[in-house]
Amino acid sequence: MSSSTSAASSSQPANSQDSKKYKRVFALVGNPNCGKTTLFNALTGMRQKVGNYPGVTVERKEGTCYGQHGEEFLMIDLPGAYSLNARSPDEEILRDVLLGRRDDTPTPDAVIVILDASNPDRNLYLATQVLELELPTILVLNMTDVAASQNLELDSSSLSDAFGVPVIPMQANTRKGLPELRVAMSRPDLPASPHQVPLPDDVKQRLQDFVKNSDDKTLANNERAALYLLDESTRKSHSNNEWENHLIAARYDAIQKICDRAVTKSASNTPSATDRLDAFLLHQVWGWVVLVGIMALLFSLIFSYAEIPMGWIDSTFTWLAGKVTDTMPPGDLRDLLSDGVIAGVGGVAIFLPQILILFFFIGLMEDTGYMSRVAFMMDRLMAKVGLNGKSFVPLLSSYACAIPGIMATRTVENPKDRLITILVAPWASCSARLPVYLLMIAVLIPESKVPILTKVGFMLSLYILGTIGIFIAAWIFNKTFRRTVKTVPIMELPLYKAPSWHTILLHMWERTKLFIRRAGTIILGVSILLWAAENYPKTPGADKATQVENSIAGKIGHAIEPVIKPLGYDWRIGIGLVASFAAREFFVSAMAITYNVEQDGVTENVAAETLRQRMRDARRPDGVSPVFSPLVCLSLMVFYLFAMQCISTTVVVRRETNSWKWPLFQLAFMTGTAYFAALIVYQGGLLLGFT
Amino acid sequence: MKSDLSLPENAAPTETLADLEPGDVAVIHDFTTSDDCMLRFRELGMLPGTTVSLVRRAPLGDPLELSVRGSLLSVRTHEASQIEIEPRPCLA
Chain A
1 MSSSTSAASS SQPANSQDSK KYKRVFALVG NPNCGKTTLF NALTGMRQKV GNYPGVTVER
61 KEGTCYGQHG EEFLMIDLPG AYSLNARSPD EEILRDVLLG RRDDTPTPDA VIVILDASNP
121 DRNLYLATQV LELELPTILV LNMTDVAASQ NLELDSSSLS DAFGVPVIPM QANTRKGLPE
181 LRVAMSRPDL PASPHQVPLP DDVKQRLQDF VKNSDDKTLA NNERAALYLL DESTRKSHSN
241 NEWENHLIAA RYDAIQKICD RAVTKSASNT PSATDRLDAF LLHQVWGWVV LVGIMALLFS
301 LIFSYAEIPM GWIDSTFTWL AGKVTDTMPP GDLRDLLSDG VIAGVGGVAI FLPQILILFF
361 FIGLMEDTGY MSRVAFMMDR LMAKVGLNGK SFVPLLSSYA CAIPGIMATR TVENPKDRLI
421 TILVAPWASC SARLPVYLLM IAVLIPESKV PILTKVGFML SLYILGTIGI FIAAWIFNKT
481 FRRTVKTVPI MELPLYKAPS WHTILLHMWE RTKLFIRRAG TIILGVSILL WAAENYPKTP
541 GADKATQVEN SIAGKIGHAI EPVIKPLGYD WRIGIGLVAS FAAREFFVSA MAITYNVEQD
601 GVTENVAAET LRQRMRDARR PDGVSPVFSP LVCLSLMVFY LFAMQCISTT VVVRRETNSW
661 KWPLFQLAFM TGTAYFAALI VYQGGLLLGF T
Chain B
1001 MKSDLSLPEN AAPTETLADL EPGDVAVIHD FTTSDDCMLR FRELGMLPGT TVSLVRRAPL
1061 GDPLELSVRG SLLSVRTHEA SQIEIEPRPC LA
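Going line by line, the protein sequences match chains A and B. Take the first sequence: its position 465, counting from 1, is numbered 465 in this note's numbering, and each next residue is one higher. Position in the second sequence counted from 1, then plus 1000, gives you this note's numbering.
Worth flagging that the hints you see were computed from the coordinates, not collected in a lab. A quick note: this is a predicted structure, and the numbers were derived from the prediction, not measured. Mixed in with the good hints there might be a few duds.
[What the hints assert, rightly or not] Listed below are the simulated EDC-like cross-link pairs for lysine to aspartate or glutamate, each with C-alpha atoms no more than 16 Å apart in a straight line:
no., chain 1, residue 1, chain 2, residue 2
1, A, LYS212, A, GLU223
2, A, LYS236, B, ASP1036
3, A, LYS486, B, ASP1036
4, A, LYS236, B, ASP1035
5, A, LYS544, A, ASP335
6, A, LYS384, B, ASP1062
7, A, LYS486, B, ASP1035
Just chain A, with the same shape it has in the complex (with noise of 0.2 Å):
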């Protein structure tokens, strides 16, 4: 299946063979939100390798630690689930691994059950079902200090005494407990659970009546890990699924037994804090003042404050290609360098400030557990379209960059829900769209004439078209695609807690790392062949516009002109298209080669404002008819409105599907929006009697 992957590279996730060099494969297992993720990043640090399961779109994340005596443990973090009877991707992926179904994968030979203390009945659900695999295991009562604020208190010692097993309390985010987890960790006698939850009798005749018509090797090692295979068979055969009810109704019962002895309660009348916030940021009136509020700072941080540091990177990028331009002889290698890589470079990093910004707030809206808040708020509104309340922020954030956007979108449980929302989020305008709209604007309308009214009307014009089009596309996928996997539609609101500073950045830097990774290498891949082809065949002597003319992409742009003359564009902004093909903003930098602006040293505004008066003046071959008519100019920001011209978001929706089907599928749908609805502004304009 994957032995080709983890050959590669060293920074693919450890397989079967690798294993063999860790003392200890620990498996991480608990339900969201009980801390895991923190104890992992404690236990690991920075040697953490981040991936994806071969075939699905689940994300893999193993690391390294050291026990008492510097053996060497290889951990692995699954997915956090409810339930090893798996409902989704995610939690099939904990259910296989556990069960050492997975090729791609070694089966751990100890488990980390985490729980979360101030919630132990449902917590214990799911050790409860880990514990009878009889695996060696460690429970973890995390959060302690949450559980104590709730008037909760555990005593861990009668949790061991029941179960069998070492019970450690911990505070993964001030690293209490964990000098006594690395201990229990490095026991060589790390016992496993004799625990089981007496089974129903139904229960029992329909395991074993599996079991025995099965020849599922796993089976053979533990029959209770047979229930979750059954459940698996129960529910594609839609059986009767009875004994489920139960077996459920016999572990709570179970559960209420042990935690009769272990758990006290103390009687609490006082909201806790999470209830006191909810009052605030759930209120009718506040809580849409609160949410109107995060999105008017996010937006603000982003489109005004980002554009300092973007200036700098610009400035250095400027600067650099100007140190290449002055000490290098002159030639092509000079071009390349400083109008091919550093140029193409330069293009993916100065997005980098806006992408920063979006993953932190994406981050910290996760860790403190308002993410659940919006997507609760949001539900009713994203269900008429047919999605749910989470997709909320991943579109959200699109409006900035679809690349974060789509990246975050796998909290979207229901791979349908989330294939669809990866699906529509680049018609959420985003910000490399601005140079375009701006510079058609400016072409349609020069600043003396109109109001900024209009302007400001224009823009949020585009914006309104990309969000309906967003919902009617999301609403048209939602009737035609086949719901392959039902999801509960079930939604847990985490406590709140203080951010984990330490957490959000670690995971700011591996989604930027992979942004970097990914996107950047074909960005400046497509920029060094966008520059061979404007540059080539040489015309010698000739200034730049003639050199474009005679090139490359000056020939696509004469052959695709037959092709997008109905929507009034001509072989140069054809041009602008071919550039575009890498990011949308790349069109402005093609206009200002096609009409001879020069972009270095001069400062922006005169370069802008000769840019624009140079394309109001151009003129058809007639001489007389603009080329960037008020009809053109719209039909153009229609068509960068809905076209698909980002391979570095192509890329991602790649990564994220994992398949190419669905990012030339969406190339596909956008691209063909975007020409008829160019094609209906223009040519119905034209019947219109505009010009």
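Mind docking chain B on chain A? Use the hints.
Positioned in the frame of chain A, the structure of chain B alone reads:
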């Protein structure tokens, strides 16, 4: 003699979680469907006999925020209406 003070209990329509008001407490009676997704509700601790309470409805009216065994769960009205609750004493 007609008296509406003595309506027999089983004439009252069965209430579901969707009928609760913020602050109400109820005990789960049973599920009206054996749909697979209801299984997860049980696994999360919403079993017949469990006490749950409605904390609030979302500002847009849906979903509902329920307090179950110390955790807060967001449940859509559609699913909530499939979970029957034990008859509650009428408050005068």
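Hints and how they fare:
1. LYS212/A <-> GLU223/A: Between LYS212/A and GLU223/A the Cα gap is close to 11 Å, so the pair holds against 16 Å.
2. LYS236/A <-> ASP1036/B: holds (10 Å)
3. LYS486/A <-> ASP1036/B: Cα-Cα ~9 Å, so holds.
4. LYS236/A <-> ASP1035/B: holds (12 Å)
5. LYS544/A <-> ASP335/A: holds (13 Å)
6. LYS384/A <-> ASP1062/B: Roughly 12 Å between the alpha carbons, so the hint for LYS384/A and ASP1062/B holds.
7. LYS486/A <-> ASP1035/B: Satisfied, since the Cα-Cα distance of roughly 11 Å is no more than 16 Å.
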